[in-house]
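**Student:** Throw the hints in and build the complete structure from the sequences for me.
So the sequence lines, in the order shown, correspond to chains P and Z. Here our numbering is used: the first residue of the first sequence is 1, the next is one more, and so on. Here our numbering is used: the first residue of the second sequence is 1, the next is one more, and so on.
Note that these hints are calculated values from the structure, not bench results. Check the hints yourself; a few may be wrong.
Since the list gives no way to pick one copy over another, a pair counts as held whenever it fits inside one copy or between any two copies.
Simulated pairs of lysine-lysine, DSS-like, Cα-Cα distance not exceeding 25 Å [claimed, not checked]:
id: 1; residue 1: Lys-310; residue 2: Lys-394
id: 2; residue 1: Lys-378; residue 2: Lys-392
id: 3; residue 1: Lys-90; residue 2: Lys-179
id: 4; residue 1: Lys-378; residue 2: Lys-394
id: 5; residue 1: Lys-394; residue 2: Lys-306
id: 6; residue 1: Lys-179; residue 2: Lys-84
All figures in this text were calculated on a predicted structure; none of them were measured in a lab.
2 protein chains.
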Amino acid sequence: MAKKNAFYAQSGGVTAVINASACGLIEAARKHKAKIGKVYAGRNGIIGALTEDLIDTSKETAAAIAALRFTPAGAFGSARYKLKSLEANKREYERLIEVFKAHDIGYFFYNGGGDSADTCYKVSQLSEAMGYPIVAIHVPKTVDNDLPITDCCPGFGSVAKYIAVSTLEASLDVRSMCKTSTKVFVLEVMGRHAGWIAAAGGLVEGHGIPVVILFPEVDFDQQRFIARVDKLVKEHGYCTVVVSEGCHYPDGKFLAEQGSKDAFGHAQLGGAAPVVAGLVKQALGHKFHWAVADYLQRAARHIASKTDVKQAYELGAKAVDLALKGHNAVMPTVDRLSDVPYKYKIGLAPLSKVANVEKFMPKDFITADGFGITAKCKRYLAPLINGEDYPKYKGGLPVYATLKNAAVAKKLAAFDLK
Amino acid sequence: MAKKNAFYAQSGGVTAVINASACGLIEAARKHKAKIGKVYAGRNGIIGALTEDLIDTSKETAAAIAALRFTPAGAFGSARYKLKSLEANKREYERLIEVFKAHDIGYFFYNGGGDSADTCYKVSQLSEAMGYPIVAIHVPKTVDNDLPITDCCPGFGSVAKYIAVSTLEASLDVRSMCKTSTKVFVLEVMGRHAGWIAAAGGLVEGHGIPVVILFPEVDFDQQRFIARVDKLVKEHGYCTVVVSEGCHYPDGKFLAEQGSKDAFGHAQLGGAAPVVAGLVKQALGHKFHWAVADYLQRAARHIASKTDVKQAYELGAKAVDLALKGHNAVMPTVDRLSDVPYKYKIGLAPLSKVANVEKFMPKDFITADGFGITAKCKRYLAPLINGEDYPKYKGGLPVYATLKNAAVAKKLAAFDLK
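**Tutor:** Okay, structure coming up:
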């Protein structure tokens with residue numbers, strides 16, 4: 001392919017390391033100036049492409065781009081905005097191609113989860129159909145760790161580390177207090193319909209902490225749950241409960257819903273922790289405390305996993321490598337080679353097999369009683385939370401990059417988002 | 001005083017650095033073996049003294065005691081158990097003296113907040129009255145930072161750092177998402193009736209984050225609050241709200257109460273964040289997220305402030321020094337000498353002036369509109385969150401000490417706690 005510009009966008013919920021992927025991708029592109037011209041980023045994700053609101057990343061210094069490796073959240077802005085089927089959203093797909101044409105963009109790098117993989121795949125299909133060739137590469141990102149094929153997803157390892165560390169620390173607190181005060185601590189974690197993040201709470205068992213995990217993959221059984229908490233409190237004096245936001249009753253009803261839905265039509269979850277704490281109080285009378293970590297967990301770059309940061313960077317860089325090698329409609333993956341010592345290589349998956357597939361916790365990662373993680377799961381998780389990768393600090397606070405985000409001059413008429 | 005054993009107990013809610021005070025105190029005592037025999041710790045705080053459940057800290061290695069400096073929560077167990085007036089609780093105060101006599105204890109080191117300072121003071125009064133001399137020294141500890149006289153309280157600086165870092169990280173997340181998704185993020189923090197912890201959220205303003213703080217010291221004015229959020233979202237596209245658990249309406253009613261009370265008779269707070277988020281949604285329609293940090297904030301040794309850890313250690317060590325110099329019924333304090341460069345010395349306060357006095361945010365620390373912190377407050381807070389003091393990690397998790405906590409043989413008949 002002749003020299004073309006590239007488009008990069010961040011999609012969906014951001015993470016502690018999505019900017020590390022941006023860093024890897026932009027640094028890799030800058031090494032191939034004969035093939036890749038400028039890297040334009042979408043301001044607020046795909047919205048930036050649709051509205052021709054492009055950011056010229058070539059205006060950023062090498063130091064600013066390098067700092068992205070240590071900066072959480074989405075440096076260019078992200079979006080929850082799903083392009084539906086080609087038929088229903090043809091106008092928007094065509095607009096994308098129009099903007100890409102206008103700015104001589106030949107590479108589409110999309111950094112997101114399952115929904116974004118679907119969009120990325122459709123862009124590649126449409127570009128073929130419209131006769132304007134676009135190389136479309138998806139860079140995986142999701143704290144939920146629910147993408148198929150890849151062994152893990154960038155963003156997950158850091159959340160898992162945050163949840164494991166926080167569960168350990170809060171549990172030591174409860175252990176100190178349980179004689180006369182709090183006996184049950186409930187921590188609500190993200191993960192949507194997959195229990196990967198909740199599973200990370202199980203890593204504290206190695207530190208002697210009694211913990212009950214409530215997975216979305218296991219229908220909530222109130223009676224058995226209360227019996228389990230009762231047993232642990234009698235044995236240890238206290239226990240910690242890690243509940244996934246996606247935990248639900250057998251009829252599918254979530255333990256708590258805020259009632260609203262996001263742009264992808266998913267229910268916005270939150271509030272399971274106080275529900276679970278209330279059930280314990282009612283049944284057993286124990287004093288409780290609860291926490292909802294929410295964005296704190298996925299933005300926690302200060303305690304990011306070194307493994308996760310490294311992989312996020314590598315997958316971003318690999319996307320450029322794949323594009324230059326002629327791949328299209330693919331996603332670089334983490335392929336695990338061994339648990340101990342932890343070894344992996346960067347592999348490849350076709351987007352047709354990634355789009356809209358959710359990967360849940362395998363049955364053999366959850367203990368038979370449904371409340372814990374197996375040794376196999378611990379072997380899976382351990383390397384993903386391994387290593388610390390601290391940002392620099394100034395005056396007690398981390399030094400996080402804020403980019404110039406200079407706009408590229410528009411060439412097209414305005415476009416109304418529906 | 002002839003050589004005597006010492007008693008040390010942790011009281012009330014534990015912190016990320018209360019064990020650093022224990023470390024300083026025990027290490028200092030071990031340097032004065034001619035004056036101080038063994039340091040006995042109360043298992044589960046003062047409960048351990050009443051039930052003669054003493055821990056022999058001399059059984060711990062120097063390395064184990066040194067590791068306390070890096071370990072959050074209460075290594076010997078804490079208690080929420082308040083001894084009331086000498087008249088109402090005479091039986092318990094007499095039991096304390098009886099246990100101290102039986103184990104040749106001449107030093108009473110009590111590590112806690114305002115209620116504990118009161119208990120410590122009463123023990124010193126009673127020991128005089130009963131003719132059994134006890135040197136009673138209070139070591140300050142409270143994340144709420146509400147003790148008088150001392151410039152700050154060990155535990156606070158680390159929570160403040162956690163809240164400032166978390167507010168910054170979560171705000172960057174919201175900033176990334178606000179174009180199409182979450183526009184308002186609400187973080188609920190501890191602090192009871194004092195807004196010190198909430199104030200720490202204001203430190204992110206220097207990073208360009210629009211933040212609204214809801215202090216317990218300022219009556220909640222719903223209309224003005226909504227107007228402020230509306231203005232910030234219009235200007236910045238998003239905003240972050242940091243709400244103190246003690247925030248209340250003009251009539252004193254808390255934004256959210258769980259309805260239960262702790263052993264000190266204080267209302268157990270929690271749940272203000274979803275209330276505030278709901279008000280914003282109802283008035284402005286913005287998509288929101290909320291988090292309740294709860295124990296995560298006060299146990300977060302992984303992001304402790306170096307200043308805080310150092311002061312916690314020094315105050316523990318100073319307690320021994322004061323006792324050996326003949327002081328009684330006093331508390332070592334942090335006396336600030338200058339903001340920039342930050343300088344302080346360890347001073348001294350009589351317990352009669354500390355007990356049961358709460359220190360709130362001064363008026364000139366809160367902006368005129370009631371929603372932010374002044375430059376003066378920022379100068380106060382900045383040094384307290386400064387510096388990182390990371391624990392060691394193994395396999396992705398911090399290495400926190402668990403002590404042997406060997407029991408001392410009992411010499412007295414059992415005692416029933418009422």
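**Student:** Compare the structure with the hints numbered earlier in the document and write down the numbers of the violated ones, lowest to highest.
**Tutor:** No hint contradicted; all consistent.
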